[in-house]
Amino acid sequence: MNSLSGLPALDRRTLIRSAILLVGGSVAGLPDIALAADAPAKRFFTPAQFAVLAEVADIMIPRTDTPGAKDAGVPEAFDSLMTNWASPQHQAQFRALIDEIGGAGLLSLPAAERPALVRKLDADKLKAWDPAYVRFKELVLTLYYLSEAGATKELRYELIPGKWEPWTEVTADTRAWAA
Amino acid sequence: MFDAIVVGSGMSGGWAAKELTEKGLKTLVIERGQHIEHGADYTDSLSPWEQCYAFSTANKHFWVRDSDHPYSVEEGKPFMWIRGYHLGGRSLMWARQSYRLSPMDFEANLKDGHGSDWPIRYEDMAPWYDHVEHFAGISGSTEGLPQLPDGQFLPPMELTGTEKDFKEKLEAAWPTRKLIIGRCAHLTKAQPHHEELGRISCQYRSLCERGCSFGSYFSSLSATLPAAERTGNLTIVTDSIVHSIVYDPKTGKATGVRVIDANTKQGRTYEAKVVFLCASTIPTAQILLNSKSEAFPTGLANRSDAVGRYLMDHLSGLGAGGTYPGFEGHYHHGRRPNGFYIPRYRNVTEPAEDFVRGYGFQGGVMRDNWRRGVSQPGVGAEFKAGLRAPGPWRLGMGGFGEMLPRPTNRVTLHPTKTDKWGIPLVHIDCALGDNEKKMIARLQADAKEMLERAGCTDIYVNKHYGGLGLGIHEMGTAHMGRDPKTSVLNKYNQAHDVPNLFVTDGACMASSGCQNPSLSYMAMSARGANFAVQFLREGRI
Chain A
867 MNSLSGLPAL DRRTLIRSAI LLVGGSVAGL PDIALAADAP AKRFFTPAQF
917 AVLAEVADIM IPRTDTPGAK DAGVPEAFDS LMTNWASPQH QAQFRALIDE
967 IGGAGLLSLP AAERPALVRK LDADKLKAWD PAYVRFKELV LTLYYLSEAG
1017 ATKELRYELI PGKWEPWTEV TADTRAWAA
Chain H
4 MFDAIVVGSG MSGGWAAKEL TEKGLKTLVI ERGQHIEHGA DYTDSLSPWE
54 QCYAFSTANK HFWVRDSDHP YSVEEGKPFM WIRGYHLGGR SLMWARQSYR
104 LSPMDFEANL KDGHGSDWPI RYEDMAPWYD HVEHFAGISG STEGLPQLPD
154 GQFLPPMELT GTEKDFKEKL EAAWPTRKLI IGRCAHLTKA QPHHEELGRI
204 SCQYRSLCER GCSFGSYFSS LSATLPAAER TGNLTIVTDS IVHSIVYDPK
254 TGKATGVRVI DANTKQGRTY EAKVVFLCAS TIPTAQILLN SKSEAFPTGL
304 ANRSDAVGRY LMDHLSGLGA GGTYPGFEGH YHHGRRPNGF YIPRYRNVTE
354 PAEDFVRGYG FQGGVMRDNW RRGVSQPGVG AEFKAGLRAP GPWRLGMGGF
404 GEMLPRPTNR VTLHPTKTDK WGIPLVHIDC ALGDNEKKMI ARLQADAKEM
454 LERAGCTDIY VNKHYGGLGL GIHEMGTAHM GRDPKTSVLN KYNQAHDVPN
504 LFVTDGACMA SSGCQNPSLS YMAMSARGAN FAVQFLREGR I
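Those protein sequences? They're chains A and H, same order as listed. Start counting the first sequence at 867; every next residue gets the next number (the working numbering). Start counting the second sequence at 4; every next residue gets the next number (the working numbering).
Derived by calculation from the structure, the hints in this document are not laboratory data. Note that the structure is a prediction, hence the values are computed from the model and not measured. One or more of the hints may lead you astray.
[As the list claims (entries may be wrong)] Not the full set, but computed from the structure, chain A residues with beta-carbon under 7 Å of chain H:
1. I925
2. A982
3. K1029
4. E1031
5. P1032
6. W1033
7. T1034
Note that CB positions come from ideal geometry on N, CA and C, so glycine has one too.
Start from the sequences, fold in the hints, and give me the full structure.
Right, here's the structure in full:
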């Protein structure tokens, strides 16, 4: 007799989420992902690691005509998630990933050369479908696009749409809904 | 002394409480979890960025942690038991899909010989479906399908243009299949009797799983408990875990329930003339099995040995998806908390080669958002610019299959382990059978074929997880039947062995259909409560 279901916690969470999604019957019905805006008193990452994290996030989503990842507070929110939410296993995975990128010399490169390193890393890790990296990218994107800047300046978000319009006209300039 | 005790405050308990109090019975509702205040305890007024670190589950506080409430399962037979222990139970987090069982569902056991013949037929339930649909507010379209009876519907939600396109292609390829808009417990047009309870029409936020301060979807907290409250006949106690039911061998009746305070662990007893078990399928069996006495050495109302047996769930987690090409000039606005439904066709309009019963599909065709970027290589300004526009249309759908009632799929009390309140742990021994495995294979093949015929690309089919529980549709552990020797409840949801004990939650189900069961629990609870009132008045119990 097992005391639990026998499935690892993350798989179970994923299954529950997909179960909710499927019974909701809506692809847009994924539970909204919440995030932390306040910097915690104590950081999870060391200052050196935090600098790497912030640089990678901002290379992924730079400031353009709208705010970038740093502007949106993604590194702080990421750190807060590590402190408050992540399991020890995920904490270790993300710390190792940041150390790997830092160890590759990201911050010692001139700023103009850094994006190429991150772009190559992204291509390699996605090709190999490295689960820790996929989760990392998902987190950075989630934290950005559900931040106030990402959801309302880069994309569009309405807390209370008030109605359902199943078939609206769009143009090439139409921005996606953040959620 | 109360007139009635209702154990549990979820979908079933809320309805039992409403009906009993409206008929004048002083009723006590006992909830094992914490009190939740409708509105005040919800997080639905917050934008995503206003929430604190509750990553991925803004409703995390609604789901039960296994470490606090452990259970055990048979080795090699995973059963994921997803619970909500708080006032309102899972009626707060349910997916709100609301479908009637059909005449063929109530005849299924008799026809193919699995489980016990239902002691009722669709005609017995139809007026109660009407009753609960009117009060709860169910949105849907009238379709005239024999396997999915129509009801008292509020206006249907609309399909997207791509869903309409899929419907056309599907129904042209298979005239035996239909795609309809989902039927869901949302107020698409609130009626005066909804507004009286402070409920308003759906605002298309799709934040339902956080609770809805507008009361736009049906829950115990938005509807049945407030209705019970206004009668002046309702008392609610929370943080009170029912240990067992007290039985008086002299009268042959239940006299009340023993409760343990979740916080202080102090025991106390409540008394009433009639007891309703609405604790949800597995805990209802647990309470009965734990109510041992000289008269009932294997658990109360268990002379049939059927208590805990015939556990069912729906086959679920059987999704398929793909890209739906074209239609880039259109999008959607608002977040529809509902999708499409493909009602059962196997063994209705199309045969199945190697299994009995059938399955339905729920899904949607919507445009991707930034989430597609996770699996897409790229970083930087160009990547960001690419994710600014809506992505391609994506079709996703999941199947729900009927599981057969089998006595070997069962819940027992753990022989040695207890929880922190000293109550024996539930032990679950439940597995897929041959019929289910064949159904899963056919369901997946059907899903893939439908996506292919619709012209989808990048089609994927989810591998089934091999276990049960994730349908979150547990049923059957105290089922209704005609014979007291083989079933627990009679046609009034009354225990064969204990006349003032009623069970109206999922435990009462003799078969599961493939439809989401909550609407049936509502109707069953309202029906059972009205019989209990009648029998009390007639002095029969």
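Taking each numbered hint in turn, which are not upheld by the structure, reported in ascending numerical order? Violated hint (a single one): 2; every other hint is consistent with the structure.
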